[in-house]
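With the sequences and hints as input, model every part of the structure.
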Amino acid sequence: MIKKEALLRATMLACVTAILTACGGSDGIPAQSAVLANSQAQVETGLVTGNPVDSSGIISFKGIPYAAAPVGALRWQAPQPAVKWTGNRTATQYGNTCWQGTAFGPVDNSKASEDCLFLNVWTGAKSTTEKRPVMVWLHGGGFQFGTSGDPRWEGGNLAKKGVVVVSINYRLGVFGFLARQDLDAESGGKSSGMYGLLDQIAALHWVKTNIAAFGGDPNNITVFGESAGAHAVGMLLASPLAAGIFNKAIAESGAFWETPQGVMRSHAAVSQIGAQLGVTMGAQTLADLRALPASQLMTDPTEPAYNPSVDGYVLTTDPYSRFAAGEQNDVPLLEGKNADEGTIFAATAGIPADTKDHFVAAATSAFGAANINTFLQFYPATTDAAAQQSEVTLAGDLIIASQTWEMANLQLKTGKSPVYSYYFSQTSAYNPLPIHVSEVPYVFQNLVANGHGAPDATDTAVADAMSSYWTNFAKTGNPNGNGLPDWPAYTGAGGQVMGLATPLQAQPEVSTARFQFLNSFRSNGSLGFAF
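For the record, in the sequence shown the residue sitting at position 145 is 145 according to the working numbering, with numbers rising by one throughout.
Don't read these hints as lab results, they were simulated from the structure. Heads up, a few of these hints could be off.
Stated by the list, open to error - Using 25 Å as the maximum straight-line C-alpha spacing, the simulated DMTMM-like pairs for lysine to aspartate or glutamate come out as follows:
id	residue 1	residue 2
1	Lys84	Glu114
2	Lys126	Asp54
3	Lys416	Asp217
4	Lys131	Asp184
5	Lys161	Glu130
6	Lys131	Asp464
7	Lys208	Glu327
8	Lys416	Glu327
9	Lys190	Asp115
10	Lys356	Asp340
See the structure below:
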């Protein structure tokens with residue numbers, strides 16, 4: 001008798017689910033079943049089946065399309081709605097990677113395709129009514145490389161702490177950031193050159209529409225990213241197009257996409273680069289360019305030049321100026337930097353440092369003779385070795401640290417939402433230097449032995465705390481929680497930040513005077529120097 005009643009209840013539930021799926025919900029939002037059964041979820045475009053629930057109770061869905069494949073006539077177009085499918089779509093493997101450039105080293109393009117606008121979801125929810133906080137990850141890579149399928153940011157361990165994790169692909173390099181006048185002309189007044197950012201915005205809209213199917217709360221979305229992903233967070237905070245589609249932001253080592261050459265390029269400047277592409281490729285028209293194989297476009301020697309710009313549509317002005325005017329999307333912000341940001345950038349920063357004399361001469365030209373003594377207090381050059389170390393510090397400051405600091409201080413000045421700041425300096429055999437990107441495996445609690453060694457107990461403790469801080473912030477806008485050292489809210493230049501190291505403890509901000517010196521050269525948002 002009991003078995004028959006259970007069978008009857010299951011049959012009735014299946015019937016109700018089928019009716020809801022067929023009828024759909026109001027306002028274009030798919031109706032939801034009462035439970036996440038058999039690793040299935042009903043999204044706006046169809047039914048998806050993910051991986052079986054793992055030993056921790058987490059279900060992962062991988063390779064879900066959030067937009068139509070940007071191929072053929074859709075190459076260099078804003079993302080279009082994903083195509084609906086019939087039946088059950090398997091979502092157990094990562095989708096294609098977007099084409100990646102090699103300017104920063106070798107990449108794996110063996111699974112690359114222009115058909116790459118996929119996202120992944122990790123959830124521990126058992127019911128679609130749970131409304132768990134949602135964290136949407138934007139990977140780094142200088143807008144030239146990277147993928148949501150990197151094992152360092154598998155989302156299962158974060159999801160175990162009560163959030164739904166989403167990671168996305170977005171178009172990179174020439175496919176994501178080509179600007180041209182002919183593309184402007186066909187955009188209906190919306191400009192060109194920011195397709196990668198438009199992809200991110202489209203993915204966030206997808207999350208807001210569909211995440212309830214995975215037990216997530218569409219009204220509690222945190223966007224978080226590292227390096228280029230953090231710069232993208234800064235741009236999303238500054239973009240009118242992103243207003244209202246996320247509720248909190250985390251920027252790990254990045255803010256305004258500035259370089260030693262100054263702020264991001266104007267639309268006119270990047271359009272000139274785009275015009276040269278046809279000459280380089282021997283393609284006379286936009287149709288000719290769209291007909292070229294993707295692999296051929298990747299041979300363009302100027303490919304690293306294709307990155308975000310002030311296009312007048314996604315960004316009406318540079319992010320610094322939007323923040324300074326109080327026009328940012330005002331949400332709680334968690335941001336910070338690593339102790340050794342510059343090591344991986346020094347070789348490509350373009351700051352002469354082969355000798356102390358060359359370094360001082362370049363700095364004198366950039367900052368002016370009247371300021372060189374102050375500059376050398378922060379970036380000593382008494383010997384060639386000292387100059388080379390100062391060049392590493394300066395590269396990290398200009399590309400990452402000072403603008404991340406400035407975004408936090410502008411938010412405090414012109415916004416109303418709180419800011420929490422951190423300084424990651426954990427070292428161990430596993431992590432001998434706290435370089436750029438080294439905090440990411442700690443955030444995701446994905447510590448795996450590497451070429452340096454295996455993580456030790458201190459690494460494990462720091463990772464457990466960091467993942468808890470991040471998920472607490474996603475839940476409430478405050479990283480603090482039971483069993484964690486207190487993380488005070490940031491109060492501005494020289495205030496307390498959370499020291500993410502062993503031991504975990506709040507500490508006075510590091511390098512405040514350096515950042516104040518660099519940012520004193522701004523004029524209407526623009527950095528008044530360049531190397």
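Restraint check for Lys126 with Asp54, where alpha carbons must lie at most 25 Å apart
holds, 13 Å
Regarding the pair Lys84 and Glu114, is the alpha-carbon distance no greater than 25 Å?
Measuring from Cα to Cα gives roughly 19 Å; hence the hint holds.
Lys131 and Asp184 were given as a pair; does the straight-line alpha-carbon distance stay at or below 25 Å?
This hinted pair is violated, its Cα atoms lying about 40 Å apart.
Quick one, are Lys416 and Asp217 close enough, alpha carbons at most 25 Å?
At roughly 23 Å apart (the allowed maximum being 25 Å), Asp217 and Lys416 satisfy the hint.
Between the alpha carbons of Lys161 and Glu130, is the straight-line distance 25 Å or under?
Given that 25 Å is the threshold and the Cα spacing comes to 14 Å, the pair holds.
Does Lys131 pair with Asp464 here, judged by a C-alpha cut-off of 25 Å?
Holds - the C-alpha atoms of Asp464 and Lys131 are around 23 Å apart, at most 25 Å.
Quickly compare the C-alpha distance for Lys416 and Glu327 to 25 Å and report which way the hint goes.
The given pair, whose Cα atoms are some 12 Å apart, holds under the 25 Å limit.
Taking 25 Å as the top limit, are the C-alpha atoms of Lys356 and Asp340 close enough?
holds, 21 Å
Taking only the CA atoms, is the gap from Lys208 to Glu327 under or equal to 25 Å?
This hinted pair holds, its Cα atoms lying about 23 Å apart.
Quick one, are Lys190 and Asp115 close enough, alpha carbons at most 25 Å?
OK: Lys190 and Asp115 at ~23 Å, within 25 Å.
Hint compliance for this structure: hint 4 is the single one not met.
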